[in-house]
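Chains as they are written, first to last, in our numbering: chain A, 1 to 177; chain B, 1 to 177; chain C, 1 to 177; chain D, 1 to 177.
Please note that the accuracy of each hint is not assured.
Note: identical chains are not told apart, hence a pair may lie in one copy or across any two.
Below 25 angstroms or equal to it, Euclidean Cα-Cα: the simulated SDA-like pairs (lysine to any residue) are [said to hold, decoys possible]: (1) Lys46 to Ala99; (2) Lys46 to Ala132; (3) Lys107 to Ala85; (4) Lys46 to Ser63; (5) Lys107 to Gly151; (6) Lys46 to Asp59; (7) Lys46 to Glu167.
Don't read these hints as lab results, they were simulated from the structure.
In case you want the letters, here they are:
Protein chains: 4
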Amino acid sequence: MTTQMIILNGGSSSGKSGIVRCLQAVLPDPWLAFGCDSFVDALPAKMQGSDGGIEFAADGGVSVGADFRALEAAWTEGIVTMARAGARIIIDDVFLGGAASQQRWQKALGGLPVLWVGVRCEGAVAAGREVARGDRVQGMATLQADVVHEGVFYDLEVDTTHTESLECARTIAAQVG
Amino acid sequence: MTTQMIILNGGSSSGKSGIVRCLQAVLPDPWLAFGCDSFVDALPAKMQGSDGGIEFAADGGVSVGADFRALEAAWTEGIVTMARAGARIIIDDVFLGGAASQQRWQKALGGLPVLWVGVRCEGAVAAGREVARGDRVQGMATLQADVVHEGVFYDLEVDTTHTESLECARTIAAQVG
Amino acid sequence: MTTQMIILNGGSSSGKSGIVRCLQAVLPDPWLAFGCDSFVDALPAKMQGSDGGIEFAADGGVSVGADFRALEAAWTEGIVTMARAGARIIIDDVFLGGAASQQRWQKALGGLPVLWVGVRCEGAVAAGREVARGDRVQGMATLQADVVHEGVFYDLEVDTTHTESLECARTIAAQVG
Amino acid sequence: MTTQMIILNGGSSSGKSGIVRCLQAVLPDPWLAFGCDSFVDALPAKMQGSDGGIEFAADGGVSVGADFRALEAAWTEGIVTMARAGARIIIDDVFLGGAASQQRWQKALGGLPVLWVGVRCEGAVAAGREVARGDRVQGMATLQADVVHEGVFYDLEVDTTHTESLECARTIAAQVG
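One chain only, chain A, in its complex shape:
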């Protein structure tokens, strides 16, 4: 069966975005890429820091409210529709709720086949890359490194600690049927 959708899950600064761009480059067909960053960009600026929206604490903690969850649910349904309508889709997400986050996707997916990919990176290495990026709240990488994988199942896992994004992408692409 043809894979129509790839969902990558990993903590902040684990290297998801780089893998996504490499996947778009190495996969022969055109794939659309969406994810939590593009979703947050679509939100009103005033939802950042609001009770119902999304808040980034000084220690790197992230909390989201009811308005965020409601819009995210509608967004998820729309993304699944795009795949059903024939678009190949790559999602990069941060499963802050671990297994519960994956179940939210599964519910929306119905039976749509997905390649589930875990993107691992040792917390200390991800924290260093967070410093090198310079555009993220310090602490997110460490806080999220393990918790986002709790109870989540994958078709395959890659680890960017010692493996380049392009090599991870090639490993994933080899599984796309």
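Starting from the known structure of chain A, arrange chains B, C and D on it as the hints suggest.
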């Protein structure tokens, strides 16, 4: 009937993005914003300049191919699904095909009510703002200023030539039922 | 005498950056552009929000500390050296200290001829453009609109409230000898 | 003698910017960061693709003209002045001319002490990171990987092929007297 979706159409540098951010600020409920820029960002980098993708000519001309159209159709269906699932959505688009572009949206929308907004700006003024932005191919603003409105019908039109984005947004927001 | 340097002063969201890009486009010779934004980008990330660095308050207030001032003074000397070495330079600055900020530049300039340009914009209009930009702390535009011009003298002033960036740039360019 | 200036040289996508941000984070004093990217940002948009400016060929080749060189020379003098005026400065550069590029800096530096750092990265790895970044002309990384180091001497060299940016930064910081 409640408006669930606002679609803004206007040429490059006519001021759509500024109006969208103002709409997100003045509308009391949270609205998600998508558009042709975020769609192009979701495409593989290799589709920029390719035959099937999207090409930006040196004179500001834009041409899109079959792969672009196929992904765009799936994307459009997904956006409509988000609205049907309860999200309020603002779209800013450039109807390069005029009436035909609007019909593509209508077909995907089914009967979903939309507030159609034309964003006008005199070509010479838009061309000047294109210089001031500094991040666009020179010539797009002039080439697109009129052609994107040909045969398109609107619920209301705003003109940024002499009116600020925030005032345009307030005019639009007053029509959102 | 040939003008080697243009210094624009105006509040946040008064339209300085757009005028600078238009000036670079309309002036026949190549001019380098620097300003408070590029200076802040050159600072360590950790200086944002620190006592000795620069702090952006929730109400739009900006305060800078001793480390910021020391680096800024060295930066200013370097910019003047670039002009003395033959480069044409456009600076856009926010004179948070009014006349005192201008005197800091004058001291560094020695006798180097400068075209001083005031960039005005009515506070309410600048505040609306701040919303339309979406990337600034709300409130800066209003707080800075008048105070940055207190006690400052200019060779010419432009007002972006009702005049486009490109037209302002042409007015300024006509004064460059 | 106190080091006032650090100059990093390496090919495109060798990891210079990440090391610079880590250096700014780990060095106890505040250091200003400038480099070829911020210099190109300061140029008029019209100099990109012009004869006298800077051209990026489709194969990743970069060529610069007389106007670029003249402005760059003035910029270099200004940067050195900033250091002499007391600012600590980190430069990341791409020595397209190898030893000749270093000599240009030396001439401007007079006797000012500099820590010269070579940033190495295997061409194939840098080329993969270029794909992962997605914002650079493909081919630059490979073309520049070795040529920028030809005839250049260093106080120390780091290699990002198998070493993280933060670890490279700590190695460099340990040499700052």
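Evaluation of the provided hints:
1. With identical chains, the CA atoms of Lys46 and Ala99 are never at most 25 angstroms apart, being 29 angstroms at best within one copy and 34 angstroms at best between copies.
2. For the homomeric pair Lys46 and Ala132, the shortest alpha-carbon distance between copies (13 angstroms) is at most 25 angstroms, but the shortest distance inside one copy (28 angstroms) is not.
3. In this assembly of identical chains, Lys107 and Ala85 lie within 25 angstroms of each other by CA distance both inside one copy and across copies; the values are 18 angstroms within and 14 angstroms between.
4. Taking identical chains as interchangeable, the C-alpha atoms of Lys46 and Ser63 lie at most 25 angstroms apart whether they share a chain (15 angstroms) or sit on different chains (23 angstroms).
5. For a Cα distance limit of 25 angstroms, the shortest separation of Lys107 from Gly151 inside one copy, 16 angstroms, qualifies, whereas the shortest one across copies, 42 angstroms, does not.
6. Within a single copy, Lys46 and Asp59 get their C-alpha atoms as close as 21 angstroms, and across copies as close as 14 angstroms, so both meet the 25 angstroms cut-off.
7. Taking the shortest Cα distances, Lys46 and Glu167 sit within 25 angstroms of each other only across copies (19 angstroms), while inside one copy they are farther apart (39 angstroms).
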